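Listed below are the residues making up each chain.
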Amino acid sequence: MADLSVNIAGVEFNNPIIAASGTIGFGHEYGELYPLSVFGGISCKGTTLKERPGNPPPRIAETPMGMLNAVGLQNPGVEHFINVELPWLKKQNTVVIANAAGSTQDDYCEICEILSDSDVDMIELNISCPNVKEGGAQFGTSPESVEKITSAVRRHCTKPLIIKLSPNVADIAAVARAAEGAGADAVSLINTLTGMRIDINTRRPIIKNVTGGMSGPAVFPVAVRMVYQVKKAVKIPVIGLGGISTWQDAVEMIMAGADAIQIGTVLFTDPYAPLKISEGLHGYLDTHNIPSVRELTATVEV
Amino acid sequence: MKFDAQDCLLVEKNKLTPTIYDFRLRNAELAGITRPGQFAHLLVPGKTLRRPISICDVQGDIIRLVFEIRGEGTKILAETEVGQTINMICPLGNGFDIPKDKKIVFVGGGIGVPPMLYSAKNAGEGSVVINGFRDKSAVILTEDFRNTGCRLIETTDNGSYGIHGFVTAPLEEVIDDCDMVCACGPTPMLRNIAKAAAEHGKECFVSLEQRMACGIGACLGCAVGINRADGSFTYKHVCKDGPVFNAKEVAW
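So the protein lines, in turn, are chains A and B. The first sequence begins at 719 in the numbering used here and counts up one residue at a time. The second sequence begins at 39 in the numbering used here and counts up one residue at a time.
Just chain B, same shape as in the assembly:
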């Protein structure tokens, strides 16, 4: 079984900020086959389209999802109570390939931070996590990332917490000591990270998002522009070919 649509029991629910929720859902079968960087596609009562949420972590039979209320769908999801179930198609997408013998810089921006946790937990010695947030009130998962064993650097755009500025400044300082970069966050941030990685000759993998329908690669809705090696242009799809792409093939 590659993936399945199953009910998952919400066993723990925490509010990390006024708009960010931390759900722990129990489903041994799906948790057992979920890898870092993959995502789950959540059924929203009353909505036609599911909502793709990246996997934050897996612990035993628990799948952890940390998501932000962005609109009506995620607002309904946030209202799910402990003891209720959420139907999820999981695990979906390719995820991050995390070689144990490589030093990796993980860069997360805003709600792009949670998907890096499961990856960072599986990273080798000397790996670094750089998490960037809008301001102090948006900072999440600090303790969780400290516990990964990776060196943790946190930034805020306005300097109200951690290093003042964007994630790209600390990235410039650590990138030469690392072998590859994995990133998730807003597109302008990812574009800048991809540029920095290319300048330093490092492999860079980015997790992308796009408005999505089926979630499994059938409908071709969630297109992302790709430059093929032969110079031609095509569209790949976030749900099946991604969400993780080699930054050098993305048509930014």
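Chain A extracted, bound-state conformation:
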């Protein structure tokens, strides 16, 4: 069997499949179905300094081959995360990635300092949540703002730092380079694309927040393109996500340039997807006599 292990910024993952933030909470629910070690890592629900109630419903709308969400960073706050969720997560034999969100630069610095004193393995900086006015998305929209927030946070963050990039930008490669230049250990992309649906009978947006983040298979080609561009632009590891739903998608995303992948929305369609993707990856690598998934990264021939 091929070797699925990967190393991202010095952290060993048993396999390259990471659960995407916001789709798996803190792991308990999917943990009812299978051991969470089927994931190489888990990126936990976006966490802020204080508890946040989130947005009013409806928060969800379906789209062709995808969905919109505007959960609005509902979370119990970083203290609860560290005291209640983290001790359990650390026993699940998977890499625990905290997803840190905030409204101001000071928020980000403070939460990263708190998380740096905890047992989390890595921190993913959520500067691209599109669903909260002060959800940090303004930090993720330009190379300058990404450079600024990343270098500020870097001074407070002693854990490996992943910057999660928004696709709602003009030049994703420039944004990734800015993150790398400011000290990011890795980048993950793409966060959701901002979208909107309208109920034509009521003339009202389906989502109470009006707009929401679009995810699912429909965004996959956009994600592949951006991962491809970013991989060529930076030397730090690239975590690819956005609409991956099959093992073939996983292979494609890795070929485009991903050192690891995240899966999210597909869990809602098929909760057993990580097992199927893992099995399919093994099968593909074995069939093509590729000893390690690491040798598949960025092998697209253009």
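These are computed hints drawn from the structure, not numbers from a lab. All values reported here derive from a predicted model rather than from experimental measurement. Hints may contain errors.
Stated by the list, open to error - In the BS3-like style, the derived pairs of lysine-lysine whose C-alpha atoms are separated by at most 30 Å in a straight line are:
#1 K994(A) <-> K286(B)
#2 K926(A) <-> K286(B)
#3 K278(B) <-> K768(A)
#4 K808(A) <-> K40(B)
#5 K286(B) <-> K768(A)
#6 K51(B) <-> K926(A)
#7 K286(B) <-> K140(B)
Fit chain B to the given chain A structure using the hints.
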């Protein structure tokens, strides 16, 4: 095992009205752990999101689902043929807690009627079912509810069948003889039922719905506003904390 995603064989399919379907699906393992008021999350071929459908009844290894075509997803589901399977995550949610020694009024409105059947079958002596429909053409499950042993009252909004009017009028007549109210239906109906129950000092449990993604409590999509006992506001989630909520905590 609390729940699982498994294929369930469609063994019987009936059309109750032009838009309401009655499916009987076989899966002994999932049927064996399903309780009244819980729901199943059904995979729809070609769709990203599953569709939550409340459990109508469980008989042996058969899970019965009665659902209405509301949009594309339920239309595709309705096209499933006997002999095909549907992948369901089941059972989900908390369900109704039905104490045998209590007299319960079950109130269902429209497509909120089916989830009350399994509950009513498990109810104690003297319980009452009040089912309300738009008009005669929308009336479903009359025989099934008669067979529960509960007293059955049916209403239609336009008087074309049963008692003319909303479910709240007969509810006012029977509520004082009962210990608690369980209800499922449109939000305005539930709000009025909750108000009536509060006025009569009765416990009231309501089954709610909301646009849903994961179905198991991970994504926090299906939020419902809740007034905490200390007066603060929060959101709980229909899929994991519900679908059944104590009416007095719902921020109507």
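Okay, the hints, checked on the actual structure:
Simply put, K994(A) and K286(B) have alpha-carbon atoms about 44 Å apart, too far for the 30 Å limit, and the pair is violated. Distance restraint check for K926(A) and K286(B): the Cα-Cα separation of roughly 24 Å lies within the 30 Å cut-off, and the hinted pair is therefore satisfied. Pair hint K278(B) plus K768(A) holds up; C-alpha atoms about 23 Å apart against a cutoff of 30 Å. Our distance criterion of 30 Å between C-alpha atoms is met by K808(A) and K40(B), whose separation comes to about 23 Å.
Using a Cα cut-off of 30 Å, the hinted pair K286(B) and K768(A) holds, with the two alpha carbons roughly 27 Å apart. This hinted pair does not check out: K51(B) and K926(A) have alpha carbons roughly 36 Å apart, beyond 30 Å. Under the criterion of a C-alpha separation no larger than 30 Å, the hint pairing K286(B) with K140(B) is consistent with the structure, at around 19 Å.
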